[in-house]
Amino acid sequence: MADPRFTPPASPVAAFFDLDKTIIASSSALAFSKPLLSRGLINRRAALKSAYAQLVFSLSGADASKTERMRAEISALCRGWDVKQVRAIVAETLHDVVDPLVYAEAAELIAEHRKKGHDVIVLSATGEEVVSPIAEMLGATHSVGTRMQIVDGRYSGEVDFYCYGENKAVAAKRLAAERGYDLADCAAYTDSSTDIPLLEVVGSPHVVNPDRLLRRLAAERGWPVLAFTHPVPLRTRLVGPALAVGIGVGAVAAGATWYGLAKRRKSKP
1 MADPRFTPPA SPVAAFFDLD KTIIASSSAL AFSKPLLSRG LINRRAALKS
51 AYAQLVFSLS GADASKTERM RAEISALCRG WDVKQVRAIV AETLHDVVDP
101 LVYAEAAELI AEHRKKGHDV IVLSATGEEV VSPIAEMLGA THSVGTRMQI
151 VDGRYSGEVD FYCYGENKAV AAKRLAAERG YDLADCAAYT DSSTDIPLLE
201 VVGSPHVVNP DRLLRRLAAE RGWPVLAFTH PVPLRTRLVG PALAVGIGVG
251 AVAAGATWYG LAKRRKSKP
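Quick note: the sequence shown uses the numbering used here, first residue 1, plus one each step.
Think of the hints as simulated: they come from the structure by calculation, not from any bench. Treat the hints loosely; a few may be bogus.
As the list claims (entries may be wrong) - Here are the simulated BS3-like pairs of lysine-lysine, each with C-alpha atoms no more than 25 Å apart in a straight line:
#	residue 1	residue 2
1	K84	K21
2	K173	K34
3	K116	K34
4	K115	K173
5	K116	K173
6	K34	K21
Stated by the list, open to error - The calculated label-pair distances, taken between Cβ atoms and stated as ranges, are:
#	residue 1	residue 2	range
7	S11	K115	17 to 23 Å
8	D82	S26	24 to 30 Å
9	A104	D211	18 to 24 Å
10	D160	A104	31 to 37 Å
11	S156	P100	30 to 36 Å
Since the model is a prediction, treat every value here as computed from it, not as a measurement. Even glycine gets a Cβ: it sits at the ideal position worked out from N, Cα and C.
Given these sequences and hints, build the entire structure.
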């Protein structure tokens with residue numbers, strides 16, 4: 001007979017965080033685009049070509065066809081990259097490019113969740129080789145990023161898992177099944193309307209610096225809206241060594257995109 005005084009342990013709880021413009025004040029891929037350009041992995045012509053695709057995509061919404069087009073751009077851009085070379089570039093520049101970008105509010109919120117015993121999971125369309133070390137430095141429990149297929153030490157151009165849109169909800173459900181989360185007890189934080197599927201599968205959705213569509217939906221559904229405005233140096237808040245890891249792919253095309261666009265604007269009289 002069961003002891004009536006025994007209270008079974010509660011299910012573990014997770015807080016799912018988007019990375020770009022939610023934890024950090026920019027695109028994580030954009031942050032690494034300058035060293036990739038300087039080392040010759042991205043040329044300016046490729047950057048400007050992908051700039052147009054990214055601009056159209058961001059202005060016109062993220063339906064399935066546009067998402068697939070951007071995935072194709074990413075694959076084409078990264079095909080043939082030497083993985084060791086990419087990892088070396090990111091290992092050398094990780095702290096310099098990420099340190100200034102972390103929102104103080106996001107770092108504090110992550111610390112709050114960890115203090116409560118919650119798992120913190122970063123979900124991002126950026127390549128998992130970048131997402132993983134950033135997540136570790138932030139004190140996150142786990143992360144999921146885009147996975148690019150590697151053949152003979154080089155990116156093949158095939159994407160094994162694109163951690164974007166609906167797939168973020170897929171990743172959250174998989175982790176819940178593996179780790180015993182009841183998603184009704186979990187939280188999610190994101191700035192983008194493309195992450196609505198993720199917000200809809202958790203019990204406590206939050207929007208951070210939302211885009212127009214997400215702000216409207218949050219008002220309709222009564223979701224809390226958070227304003228993160230104060231980036232702080234990452235190294236002043238983090239513990240644990242950075243991993244010597246690579247950038248993978250994920251949203252690297254977006255990084256090349258906006259860097260190329262910014263350079264083009266800067267050169268205009």
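Going through the hints against the structure:
A distance of roughly 28 Å separates the Cα atoms of K84 and K21; the hinted pair therefore is violated under the 25 Å criterion. Proximity of K173 to K34 is assessed by CA-CA distance (about 35 Å); at most 25 Å being required, the pair is judged violated. Straight-line distance between C-alpha atoms of K116 and K34 comes to about 38 Å, which puts the hinted pair past the 25 Å bound. Under the criterion of a C-alpha separation no larger than 25 Å, the hint pairing K115 with K173 is consistent with the structure, at around 24 Å.
For the suggested pair K116 and K173, the alpha carbons sit about 22 Å apart, so the restraint of at most 25 Å is met. At roughly 19 Å between alpha-carbon atoms, K34 and K21 fall within 25 Å of each other, so this suggested pair holds. Look at S11 against K115: about 18 Å separates their beta carbons, and that is inside 17 to 23 Å. Roughly 26 Å separates the CB atoms of D82 and S26, a value that falls within the hinted 24 to 30 Å.
Taking the beta carbon of each, A104 and D211 are about 22 Å apart, inside 18 to 24 Å as hinted. Range check, D160 to A104: Cβ separation about 35 Å, and the 31 to 37 Å hint holds. Here the CB-CB span from S156 to P100 is close to 34 Å, well matched to the stated 30 to 36 Å.
Violated hints for the displayed structure, listed by number in ascending order: 1, 2, 3.
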